[in-house]
Amino acid sequence: MSAANPRLDLTVTHPKVRFWQTLFFRRKIVPWLFVLPILLINVSVVLGPAISSVYYSMTEWSGVGEARFIGLDNFRRLLLEDRSFRVAFRNNLLWLGIFLTLPMAMALTAASLLAPIKRGALFYRLTLFLPYVLPSVITASIWRNLMHPDRGVGAQLSEWGISGFDRAFLGDPKTVLPAIAFVDNWHWWGFLMVLFLASMQNISQDLYEAARLDGANRWQEFRDVTIPGIRPTLVFMVLMTAIWSFLTFDYVWILTQGGPAGSSEVLASLVVKNAIQRFEAGYASAIGLTMSVFVGIIISIFVLLRRRGWEI
Amino acid sequence: MSANPATERTPKRIGRRRGVSLLLNHSVLLLLVAFALGPMVILVFNSLKTQAELGRNPLGFPESFVWQNFPDAWEIGRFSATMGNSGLLVLMTVSGVLLLGGMAAYSLAKLDLPGSGLVMLYLLVGASVPLQLFLVPLFFLWNRLGLTNSLPGLALIYIATNAPFAIFLLRSYMVQLPRDFEDAARVDGAGEFRIFTGIVAPLAWPGFLTVGLVVSLAVWNEFLLATVFLTDQKLFTVVTSYYNFTAQFSRNWALTSAGALMMIFPIIATFLLLQRRFIEGLTQGGLKG
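So the sequences go chain by chain: A and B.
Read in order, the letters of the first sequence correspond to residues 1 to 312 in this note's numbering.
Read in order, the letters of the second sequence correspond to residues 1 to 289 in this note's numbering.
Be careful, since some hints might not be right.
[To be verified] Here are some chain A residues the structure puts well away from chain B; computed CB gaps all over 12 Å:
1) S57
2) V87
3) V137
4) I203
5) L207
6) L304
[What the hints assert, rightly or not] Covered by chain B, according to a simulated footprint, are these stretches of chain A (three or more residues, beta-carbon under 8 Å):
7) 18-32
8) 111-125
9) 145-153
10) 168-182
It should be emphasised that the hints constitute simulated quantities derived from the structure, not laboratory data.
Note that the Cβ used here is the ideal one computed from N, Cα and C, for glycine as well.
Next comes chain B alone, as it looks inside the complex:
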C-alpha cells in the first residue's frame, strides 16, 4: 500500500523523463495526504495525553499514553447509550430501505409496473427537494403524531429521504439480471414476493450491500434531522450527543478526542474493509455529508 516503491521503480520502466515527472506527482500528492491525514493523526495523539500535557504540547506526539481517557470518555459521554441509539437507527433505516426500496426496485425492474415512468419521475423530484422545504411542516406534523423524540419516527424520515437513491441503484442492478430463474419459479407457481426474496434479491446482493453501506454511513453521521427530531437526552445519537459533549467539555480535549476516536472507529474500519464498494456507492449516490 505504500507509495514509495513506485517512485524508485517506475523511472526504469517508463523512461527517464516520465519517471521524473511522476516524482513530482508523488510529492504533491504526499503533501495533500499530509493535509488529509494530519488532523486525524493529531486527534489520535491528543486522545492519549493528559489534560496538563495538552496545554504544553497540543499538537505533538504524547509523552506517555493515557489509555484511561477512553473508558472515561465512554462513561462521561454515555457512549453505550448513544451507540445503541445510533445502531438502532441504522438498523431500522437500513432494513426499511432495503426491504421497501428493494420491493419498489423489483417492481420497476421486473414487473412492468404500469406508470413506471411516472414513479421514476416522482422519485427524481423527491430526491431533489431540499430538506429545508419540508423540514418545518414535517416537524410539527411528526410532533402531532407523537413521532418526535422517537427513534422509529426518525427512522421513518431517513427511510423516506434515502429511498430514491436506493431504488435507482437497486433497480440498475436488477435490470441486468437474466429473467430465466424468475420465469422458472413463476412456472412453479411461486408468488412475486417469494421470487423477490428468494431469487432476485440474493442475485442482486452487491447492490443491496452498496446501498446498505451508504445508508448506514449517512444515518450514523446525520446531524440536522437528529438534532431537530430528538431532543430527549436519552435518545441522543452519537453525533448529537458528541455535539453536546464537546459543548460541555470543550476544555477537555483529551476526553473529547478519545470520544471522537471511538465514534469514528466503526466507520473507518468498515470503510477500509469494503472501500471499493463504499466509494462506488457514495460516488454514484452523489450524497453530501
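This is chain A alone, in the form it adopts within the complex:
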C-alpha cells in the first residue's frame, strides 16, 4: 500500500551474510511465510474441493471408490427428469421474493422510525438485534412450538375468537415454505435494520432540513432523502439477499427436512440429501455447481447493470 519503506536501509551488509539475513529473504520471502499457512488451509478446504467438484459433477460417484465419468448426464437428469429439482428451484425463487420484500419493508420502517430517536435508541437497537445472535436450531424450535395448531399462538387466538391461525402451517404443502421463511425472517430482519440504521445515521441532517423547508411530508422525506441516502447499503443487501436466497439451508432442514412430501425442498437440502443420505456424490456435486452458477449469474447481472451506468 505504501511506496517507500524506511526499514529496508537498515539491513546489515556483513561480508558473511547468511541467506535468511539477506535483503531478498526479508523483503520477498518473509512476507509470504506469513500468508502461506492460512492460504494453504483455505486452498485445501475451499478452492481445491470447489474445482474438483466441477469434475465430480460429470461423474457417477458414491463418494467412496472410483468416480465414473459420464459427461453431462447428471445435468440432463437434473434439468429434464428430476421433479424435485424443479420444486426446489421454484421454492428458492419464492424464498427470494419473500426476502426481498418482507424483511426489507420491516427493516426500512423500523430503521427510519428509530433514526430520529435519541433516548432509548440503544434499547431498541439491542432488543431488535437480539434474535439474530440465536442459533438456528433454537429459533426453529421456539417457533415450531408457537406455530403448533393445538398449543401455539394460533390456538390462543382462536380462543379469543380470531380463527384461521390454528393450522399446522409447517405440515401443509401450501403454507410450509412461507412459514419457514417467516421463522428465518424473525431472526434476520433485525440485523438488516441495524445495517440500514447505521447507513441512515450518515445522511446529513441538512438534507432533511432542506426537505422540510420545501414542505416535504414524512413519506416524501423518506422517499427523496432517506432512500437515496442509504442506496449503496440497500443495493448491497439486495444483492446479498439474492445470493443467500439460492443457498438457504438451515431453517428448511431443521424444520421440515424438505417435507411434507418434498414440498419445501430447496437446492441446498437436495445437495445434502443426495450426497450424504443417497450416496450420489456426483449428482450432488452437479446440484451444488448449478447453485453456484445461479449465484454467478446474479453477481454478473449486478456487475453488468453497474457497467451500463445504473447507479447501483
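Put chain B on the given structure of chain A with help from the hints.
Same frame as chain A, now just chain B:
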C-alpha cells in the same frame, strides 16, 4: 435503558409537533420489540413449567417455578459433553483464525507483500464461493484423510471459511497503526514474528477482539457443517445435539426450553456485555447465520 422517559420528555424539548410524531415512532417500535422478545419470553416461561402445565397453559406465565427442568435437561441433553465440544471447536477455530489470519493481515498491512493484490483477490473470491460448491468433495476428501468425526478436522474447515473476513478486518485495523514502533524494533534487530506478536497485534487488539467475537458466535451456532462432519454422538456440538434432542423429546417442551436457555445463555451474556463491538463486527462481516 428504558424507552419510556423519552416519550415524556422529548415533546418539551423539540416542540409539540415533533414530539407527537416521536410518540408514534415509539409505539410502532415497541410493537416490533414485542415481536422480537415475545417468543424468547415465552421460552423462559415454558422452561419453568411442568409438562402437565404446559398442556393447559402453553404461552402464559408459569403457576410455579420448576427449576428442576434445568438440571434434568443438562443431564438428558448431555450438555456437559456437548458444551465441551462446542467450546473446544470455538477455542481451536478462534486461536487458529487469530494467529494465522493475523499473520496474513500483518503481512498484507505492514510487509509490502509482493503480489498482495493477488492475495486479496483470492480471498475475495474465496469468501464468495458458496459452501455447497465445495461441500461434497470436501466431505469425501476429509473422510479419506480421517478428518471427519474429528473436532480438529472441523475446526480446520471453520478456520478456512472464516479466514477471509478475519484477514480483511484485521488488515484494516493494522493499516491505521503508525510505523514508528515497528521500525524502532527493527532497528533493534527484532524478527518480524516478534514484531507481529509483540507490537502490532497488541496495538490492533480491538480488531482481534471483534474478529474473535464474530467467529466464536459463528462457530458456536454453526449447523450445516457440524451436522455433516460430526456424526458420532460423542462429538456432537450443542447445536447438533439440540437438534437431535428436540427430535427425540419433541413432546417435552419444558425440558427442551430449559435446554435452549442454557445453550443461548453464554451467547446473550457476551452479546449484552460487548454489544457495540459485536454489532460492529457482525455488520462489517455481513455474515448470515
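- Can you list which hints this structure breaks, lowest number first? Violated hints: 1, 3 and 10; rest satisfied.
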